[in-house]
Amino acid sequence: AQSVAQPEDQVNVAEGNPLTVKCTYSVSGNPYLFWYVQYPNRGLQFLLKYITGDNLVKGSYGFEAEFNKSQTSFHLKKPSALVSDSALYFCAVRDEGGATNKLIFGTGTLLAVQP
Amino acid sequence: EAQVTQNPRYLITVTGKKLTVTCSQNMNHEYMSWYRQDPGLGLRQIYYSMNVEVTDKGDVPEGYKVSRKEKRNFPLILESPSPNQTSLYFCASSLYTSGGGTQYFGPGTRLLVL
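Just so you know, the protein sequences line up as chains B and W, in that order.
With positions in the first sequence counted from 1, the corresponding number in the working numbering is that position plus 25.
With positions in the second sequence counted from 1, the corresponding number in the working numbering is that position plus 37.
Hints in this document: simulated from the structure, not taken from any laboratory.
Treat the hints loosely; a few may be bogus.
Partner residues aside, some chain B positions facing chain W, computed with beta carbon under 10 Å [unchecked claim]: (1) Ile76; (2) Ser105; (3) Thr132.
All values reported here derive from a predicted model rather than from experimental measurement.
Note that the Cβ used here is the ideal one computed from N, Cα and C, for glycine as well.
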């Protein structure tokens, strides 16, 4: 069965430091992987996705993610965190062979960036 | 502006009182879907629609209904809401029904059932 794990409920980082939000996945076929961000009282905003090709994917707001097939991971990264990056981050996967276009979401990671 | 809209944004109701949450997209997307978000569970799919008049159950469809009479609209209906349907609901749409198409989400509807 398809699944996504975000092992950290919360990540704390100081402003200016690099940040990583972890995600691992399990699918039967090739994965389509997504990161979304949810700011307080806002909807989910699309950050980036991996479909195929280069393992390093660049997205919005300076975020990037690295696809690692051998480790079945898709960690979200940013070289220098901003206080305004504080939000809830969701990793999601869609099975290439899936018939429903359904996204399977992780449980979310709360990123807190301290000034 | 390309967007997914939902109404209402906030709703407090009582057990058993039928309600509808509307969802509309202006991007001519074929695929639309409803998710609910609960703490510690992430988002789970309730229903989805591949196109007009084509709908199907997601992972947690119990207590919900949907319809897709027009391409742009995909309302979520709770015929007899119960407290366990208190949640944050998101509508989403994407251009394609398969492949790596991005799903775009609405702003969410926070529902409290007393």
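Structure-based check of each hint:
A least Cβ separation of about 4 Å between B/Ile76 and chain W falls short of the 10 Å threshold, and the interface hint therefore holds. Because the closest C-beta pair between B/Ser105 and chain W is about 26 Å apart, greater than 10 Å, the hint is violated. For the restraint placing B/Thr132 at the interface with chain W, the shortest Cβ-Cβ distance is roughly 5 Å, inside the 10 Å limit, so the hint holds.
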